[in-house]
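J.: Chains as they are written, first to last, in our numbering: chain A, 1 to 110; chain B, 1 to 113.
Source of the hints: derived by calculation from the structure; they are not laboratory data.
One should not assume that every hint holds.
Partial list, derived from the structure: chain A residues whose beta carbon lies under 10 angstroms from chain B [to be verified]:
| no. | residue |
| --- | --- |
| 1 | 6 |
| 2 | 8 |
| 3 | 15 |
| 4 | 19 |
| 5 | 27 |
| 6 | 45 |
| 7 | 82 |
| 8 | 83 |
| 9 | 87 |
| 10 | 99 |
Built from N, CA and C at the ideal position, the CB exists for glycine as well.
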Amino acid sequence: DTEVTQTPKHLVMGMTNKKSLKCEQHMGHRAMYWYKQKAKKPPELMFVYSYEKLSINESVPSRFSPECPNSSLLNLHLHALQPEDSALYLCASSQGQTQYFGPGTRLTVL
Amino acid sequence: QQPVQSPQAVILREGEDAVINCSSSKALYSVHWYRQKHGEAPIFLMILLKGGEQKGHDKISASFNEKKQQSSLYLTASQLSYSGTYFCGTERGGNTGFQKLVFGTGTRLLVSP
């Protein structure tokens, strides 16, 4: 099973809202990733967790707050987002050389 | 800096061949190729490690020229299912337990009947 699941599939939020994105994998992978993808652009790395510790933060604004409660779960907490943060947010996991992506959460900030 | 892919877009008839190139301005440890259909997750195709190897998977193969910092993806006898956007993901370091991928600009491929 090479499945990474993400919820919700779609999310619409106002600039004052607080929401969370959830990512889950049961492949025993010890590295998990958040990417942001704008329309017709490549995915851009935001965060990497390795063995449940934050290993990379690509200078992401503090209104995005990642959390890795355990080796299977990855959350992305959202607060006071801007309209330009509207995008597809992809989660991925890896063990070894290959990253497996989830289907993404399409986020719209009004 | 983001790797540059060429061409930006290509239209094929079913059964035709295509080559997609990925060029980096920096030395690379590995190149990962993905295909993404509209509204879906990127799907892993293959990885090439430095050493100039070539790999193949069914009618899709790839090469990696470490000295030129380039990789090419070869699609032969294209099928309708090959349609999508192809991204190369490049990695400069290795052996850290995770991959810090920088994705290329993307190539949109459309295969028509």
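J.: Quick one: which hint numbers does this structure break? Sort them smallest to largest.
T.: Per hint list: 2, 3, 4, 5, 7, 8, 9 violated.
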